[in-house]
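Number of protein chains: 2
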Amino acid sequence: MTNIQHIESRNNGKIRAFKKLKEKKHRTKEGLYLVEGFRLLEEAFKAGKTVHAVLYTEEKEEDFSRYIRPYIEREEVYLASQDVIMELSSTVHPQGIIGIVSIDESSFTDIPISYEDTSLFIYLDGLQDPGNFGTIIRSAHASGAKGIILGRNTVDAFSEKVIRSSMGSIFHMPIYQNGEEMLSRLLAKGYQLAVTSLLAKKNLYHEDLTGNLIVAIGNEGSGITEEIAQKADTLLKIPMPGGAESLNAAVAASIVLFERVRQLEWTQFS
Amino acid sequence: MTNIQHIESRNNGKIRAFKKLKEKKHRTKEGLYLVEGFRLLEEAFKAGKTVHAVLYTEEKEEDFSRYIRPYIEREEVYLASQDVIMELSSTVHPQGIIGIVSIDESSFTDIPISYEDTSLFIYLDGLQDPGNFGTIIRSAHASGAKGIILGRNTVDAFSEKVIRSSMGSIFHMPIYQNGEEMLSRLLAKGYQLAVTSLLAKKNLYHEDLTGNLIVAIGNEGSGITEEIAQKADTLLKIPMPGGAESLNAAVAASIVLFERVRQLEWTQFS
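Respectively, the protein sequence lines represent chains V and E. With my numbering applied, the first sequence corresponds to residues 1 to 270, in that order. With my numbering applied, the second sequence corresponds to residues 1 to 270, in that order.
Isolated chain V, as found in the complex:
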């Protein structure tokens, strides 16, 4: 393991640089993001993410030794003051550990080709709420999706809120930043594009979702863009027998993802 260095002051140059990673602009520029808390950081290591640095406080020596130290090879490790952790933290009660993790570049060529199974991707078409984004990543991971494709005007994937609400699933789901290219290439490969729409006529439960599929999820307020709706092979409607006009975006996405799980399971049993 590398030597552990001490950082006491939040004005330390490294800390000032790390703090900038709270902003999307700097995350994109540096290709790094902050991961806070033992459970999430351990999950990042387990998932094989490249961790650039780890900072923890003296009081958390035991937790560090137990959960994080076993993974440390060449990572920079800092014993930091409470002040320093507070400076980098986004929570009211910091857990005393923060990691600096590399953003993986996922691209079309990474997609495993399977001749046995069909694949599912989620395309985010202007989704804005980080909590919804994290929840969608978690559902996508649970449902066996192969990745998340970021369309235009979609909120950044590597903010603290997205990571936290993904419950660590973000470390397991490829995130395709170059969304429009990725979408075109999958469509060219024969993938079907399905979108949920309040104006749709096709009932979700009557459609076959078991093929190679991209599910697009729109903006919380305005839904799917005209551009994506026109590319879609199917406009799906989730039947709502009650009075509400619409569902939360992450809920609508998850209902479609798990209807696919149900259909796939059915075909396996029959």
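Since the hints were made in silico from the structure, they are not lab data. Think of the CB as a built atom: it goes at the ideal place given N, C-alpha and C, for glycine as much as any other residue. Do not take every clue at face value.
To be verified - Here are the simulated lysine-lysine pairs, BS3-like style, with alpha carbons at most 30 Å apart:
hint	chain 1	residue 1	chain 2	residue 2
1	E	Lys49	E	Lys189
2	V	Lys237	E	Lys19
3	V	Lys22	V	Lys237
4	V	Lys49	V	Lys24
5	V	Lys46	E	Lys201
6	V	Lys202	E	Lys22
7	V	Lys201	E	Lys46
8	V	Lys161	E	Lys24
9	E	Lys202	E	Lys29
10	V	Lys161	E	Lys19
11	V	Lys237	E	Lys231
12	V	Lys161	V	Lys202
13	V	Lys161	E	Lys22
14	V	Lys24	E	Lys161
15	E	Lys29	V	Lys22
16	V	Lys14	V	Lys29
17	V	Lys237	E	Lys189
18	E	Lys29	V	Lys19
19	E	Lys49	V	Lys161
20	E	Lys22	E	Lys49
As the list claims (entries may be wrong) - Output of the computed footprint for chain E on chain V, the stretches with three or more beta carbons under 8 Å from beta carbons of chain E:
hint	segment
21	142 to 153
22	209 to 222
Claimed, not checked - Beyond 10 Å from chain E on every Cβ pair, some chain V residues (computed):
hint	residue
23	Thr50
24	Lys60
25	Ile72
26	Tyr78
27	Arg138
28	Asp156
29	Asn178
30	Gly190
31	Ser197
32	Ala232
33	Ser246
34	Arg262
35	Glu265
Add chain E to chain V, keeping to what the hints say.
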């Protein structure tokens, strides 16, 4: 319409009293809660809620006249300063209108008895996140559920975050505060209690959910309590072919609610 009174100072006695409604303790004591924004307040009126008072700023006279004035009968109406609205608001950019709405007491005797349809209730067993709560109310409303039953240690239903994330569905869903009594009475009436559990063996998609049903949703971290698990007729597992260990609580609830929608629709078609 009643006379419109002016309130300039946030130290006004009424304002100090209304501000206390940001806390659960005072909401429960007064039987009142705050509703912020034109869309939500209009929805409260539309749903027939009892509105005690409305406060709005001069700049919003036009929106007030258009969306809210048509509903005003004996409600107290105040033209308030920006300062006053800021004092009562829970958002960074207040919309310039706040209503004080009465908490309805829903009880067992309100439940409509139907000999044609089956009914669905949601029982919240220690749910803690207000955003999840609001999202569940919205999904419950969309799926045609008859009400939400609050179990022990469940977060308050009338906080600003719950109301906002319910997107107004809270005004349409009966909320049963006396949860344990309500649960006992429904069970005595022959309702089935289903809970989702990561330890369950019964696959959600193989179970019949079309009868009179209560779906219980547990705490975000610790799940269903032992007490409720023991009362349950069915422990349901949502199949997760991917790697994630669990789903967001509101997502899990919604997947069960909409699997019931699917099954009911199926029985109607066949």
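Quick rundown of the hints versus the structure:
no., hint, verdict
1, E:Lys49 - E:Lys189, "holds, 29 Å"
2, V:Lys237 - E:Lys19, "violated, 41 Å"
3, V:Lys22 - V:Lys237, "violated, 37 Å"
4, V:Lys49 - V:Lys24, "holds, 19 Å"
5, V:Lys46 - E:Lys201, "holds, 28 Å"
6, V:Lys202 - E:Lys22, "violated, 43 Å"
7, V:Lys201 - E:Lys46, "holds, 28 Å"
8, V:Lys161 - E:Lys24, "holds, 26 Å"
9, E:Lys202 - E:Lys29, "violated, 43 Å"
10, V:Lys161 - E:Lys19, "holds, 29 Å"
11, V:Lys237 - E:Lys231, "violated, 35 Å"
12, V:Lys161 - V:Lys202, "violated, 34 Å"
13, V:Lys161 - E:Lys22, "holds, 24 Å"
14, V:Lys24 - E:Lys161, "holds, 26 Å"
15, E:Lys29 - V:Lys22, "violated, 41 Å"
16, V:Lys14 - V:Lys29, "holds, 16 Å"
17, V:Lys237 - E:Lys189, "violated, 34 Å"
18, E:Lys29 - V:Lys19, "violated, 44 Å"
19, E:Lys49 - V:Lys161, "violated, 34 Å"
20, E:Lys22 - E:Lys49, "holds, 19 Å"
21, 142 to 153, "holds (count 4)"
22, 209 to 222, "violated (count 0)"
23, Thr50, "holds, 19 Å"
24, Lys60, "holds, 20 Å"
25, Ile72, "holds, 24 Å"
26, Tyr78, "holds, 29 Å"
27, Arg138, "violated, 6 Å"
28, Asp156, "holds, 20 Å"
29, Asn178, "holds, 23 Å"
30, Gly190, "holds, 22 Å"
31, Ser197, "holds, 15 Å"
32, Ala232, "holds, 21 Å"
33, Ser246, "violated, 7 Å"
34, Arg262, "violated, 5 Å"
35, Glu265, "violated, 6 Å"
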